[in-house]
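Student: Now for the letters of each chain:
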Amino acid sequence: MFQELFTPSVQHSLDLVGIFVFAISGALLAVRKNFDVFGIAVLAEVTALGGGLLRDLIIGAVPPAAFTDLGYFTTPLIAAALVFFLHPEVERIQGAVNAFDAAGLGLFCVTGTTKAYEYGLGLTASAALGLATAVGGGVLRDVLANEVPSLLRWDRDLYAVPAIVGASMVALCIRFDALNAVTSGIAVVTAFVLRLLAMRFHWRAPRAWHRSSAKAEGESESST
Amino acid sequence: MFQELFTPSVQHSLDLVGIFVFAISGALLAVRKNFDVFGIAVLAEVTALGGGLLRDLIIGAVPPAAFTDLGYFTTPLIAAALVFFLHPEVERIQGAVNAFDAAGLGLFCVTGTTKAYEYGLGLTASAALGLATAVGGGVLRDVLANEVPSLLRWDRDLYAVPAIVGASMVALCIRFDALNAVTSGIAVVTAFVLRLLAMRFHWRAPRAWHRSSAKAEGESESST
Amino acid sequence: MFQELFTPSVQHSLDLVGIFVFAISGALLAVRKNFDVFGIAVLAEVTALGGGLLRDLIIGAVPPAAFTDLGYFTTPLIAAALVFFLHPEVERIQGAVNAFDAAGLGLFCVTGTTKAYEYGLGLTASAALGLATAVGGGVLRDVLANEVPSLLRWDRDLYAVPAIVGASMVALCIRFDALNAVTSGIAVVTAFVLRLLAMRFHWRAPRAWHRSSAKAEGESESST
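Protein chains in written order, with full-length UniProt numbering: chain A, 1 to 224; chain B, 1 to 224; chain C, 1 to 224.
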């Protein structure tokens, strides 16, 4: 019922933009990790499609959209090729890439929540899956690159909160039967702007209180 | 047919206890890794629900229980909040947490095996999935925290064996048509007690024989 | 329709050979990482069955073959036992193991592509899943062992390209209605020989052009 929030072609174009910018972030990390051209392509694909793939497996939408829409599959390859040949230029516009990544975050948390609800999940579960759609690709990217996911690190600007806000707005709109192109658009923009502000003002989330036992910050190796 | 081993409300309460203690172990690792509050929540959710999620995807029970039962989703958040505010106190009762974790291990290996068999898997596959349900969340926790899974490390007390024993007992009971609340309970308690004994007496599993080529223990970087 | 490319028993035997050699590679890495006997068994299972499991989840073939065919499950355990007891001997025949691994790579990229197409995916998506089937287990192995996947590293001999070539040959054969036991066999052998040549002559893939910003090769910790 919500499938036509935007006209299909607008929706599809927005999806491809989100996939493209996420793929750029994956490809850039691959270059920094010194991966070869196939590593760049794999990390671009996983970052761009991983979140949606996870969502589709969980809601039972198989085969996932990532494998049925050729555009979803080829877009990350274009991003990977761009980074491969023009890496310093792409680095130089890192600010623009970050802004696009914020747009992808806003878009994916909204479409992820909507799609999960369409497949019969409850409102809370739908919002949780919307969050997973938005951040899942980045987590997979960091796991494959053998890094601590930047989503989890306290020394990174807020990334989860904008997506949580956007997904919750969609869930509330569904609850009060007010989901349409306008309210969806507002949710996307809200998440997008929150993420931009978080980067601009370096908003961070608090760590645990009373971390007395965490005196040795490097002691993580001795954990359970 | 085995769904009512215990009364539904008893079963559900036991599930929530298992989810809660697994979430505590995830949240504690997140604090030790210096993650922020969202990292703590994410690691609590993944540790608590990851094993069951994996099992449900494999047996085709979508959407997984983790996304259809609101209690499953909110319990890890409560555990995360507790650890966030009362971290040193929770650390201090690490012994109690370990005992609860052992209880979760026993419970999940039994319910995981039973559910897999209900969905039509063979006895061996069901026992394997019971093991995966019990240990999967902890492995995902360690992968996300960028650590070698403690399940795989030789310098940790036995963790897989109690779950293997519990899951195998359930599979044998099914084979001889003797699965009921009593035999299920015995399997849970056996796995639980074995894990307690393994921690008490530091039981370890052997490493490969003749590790002559493993002289340089840190040489793992050069592996294929 | 393509199910009987080879006679079922030949196909099954080839599958088991592929699973066995992939399991050996997993078990050997586990020994090098100093894991205990259960870690060796887990890494053997994941390496051998992970790629096919991923493919089956994506195409909706649940429960996956890994959990319905007892031979698929027990073969990695035999490989793990072999490595556990005869580790130095297996290391000594590393060349033979690598050749078998190349055979597994060729076989899995072909059967993976064919199975994905049978389940209704398009040609490009089928070839992509064939590649994922062939390399997925190795990536999971490296992630669990907390290493950078060797698939992504530039300092390893080509691994993805032979699988891409094999999977693409199958897709082309399907496109031109020419897939049969002979053409499938040619695709397997082509991927196999390409991988052997890549190891023999240390073929490597290029890294990104103009990596001026990658001057500090160890700076990867500071990545996004």
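Errors might be hidden in some of the hints.
[What the hints assert, rightly or not] Stretch-level coverage of chain A by chain B, calculated; a stretch enters the list once three of its residues show a Cβ under 8 Å from a Cβ in chain B:
1. 124 to 132
2. 139 to 149
[To be verified] If you want the ones that stay clear, here's a sample from chain A, every Cβ over 12 Å from chain C, calculated:
3. Leu16
4. Thr190
5. Pro206
6. Arg207
[Stated by the list, open to error] Chain A is faced by these chain B residues, among others (derived, beta-carbon under 10 Å):
7. Ala27
8. Ala30
9. Ala66
10. Phe73
11. Gly185
Hints listed in this document are in silico derivations from the structure and should not be mistaken for laboratory results.
In this text, all values refer to a predicted model and were calculated from it rather than measured experimentally.
Note that the Cβ used here is the ideal one computed from N, Cα and C, for glycine as well.
Student: Take the shortest C-beta to C-beta distance between Ala66 of chain B and chain A; is it under 10 Å?
Tutor: 8 Å, holds
Student: Is the interface hint satisfied for Phe73 of chain B? The criterion is a beta-carbon contact with chain A at less than 10 Å.
Tutor: Since chain A brings a Cβ to about 6 Å from Phe73 of chain B, closer than 10 Å, the hint holds.
Student: Does the closest beta carbon of chain A sit nearer than 10 Å to the beta carbon of Gly185 of chain B?
Tutor: 27 Å, violated
Student: Beyond 12 Å from every chain C Cβ: check whether that's true for Thr190 of chain A.
Tutor: 23 Å, holds
Student: For the hint on Ala30 of chain B, does the least C-beta distance to chain A fall short of 10 Å?
Tutor: With a minimum Cβ separation of about 7 Å from chain A (threshold 10 Å), the hint on Ala30 of chain B holds.
Student: Using C-beta distances, would you say chain B covers the region 139 to 149 of chain A, given that this needs three or more residues below 8 Å?
Tutor: holds (count 6)
Student: Take a quick look at Arg207 of chain A and tell me if its Cβ sits farther than 12 Å from every Cβ on chain C, holds or violated.
Tutor: 20 Å, holds
Student: Pro206 of chain A clear of chain C by more than 12 Å, beta carbon to beta carbon?
Tutor: 22 Å, holds
Student: State whether the coverage of the region 124 to 132 of chain A by chain B holds or is violated, taking the criterion as 3 or more residues with Cβ-Cβ distances under 8 Å.
Tutor: holds (count 4)
Student: Is the hint on Ala27 of chain B kept, meaning its closest Cβ partner in chain A is under 10 Å away?
Tutor: 8 Å, holds
Student: Evaluate the condition: distance from the CB of Leu16 of chain A to the nearest CB of chain C exceeds 12 Å.
Tutor: 16 Å, holds
Consistency with the previously given hints fails for number 11 only.
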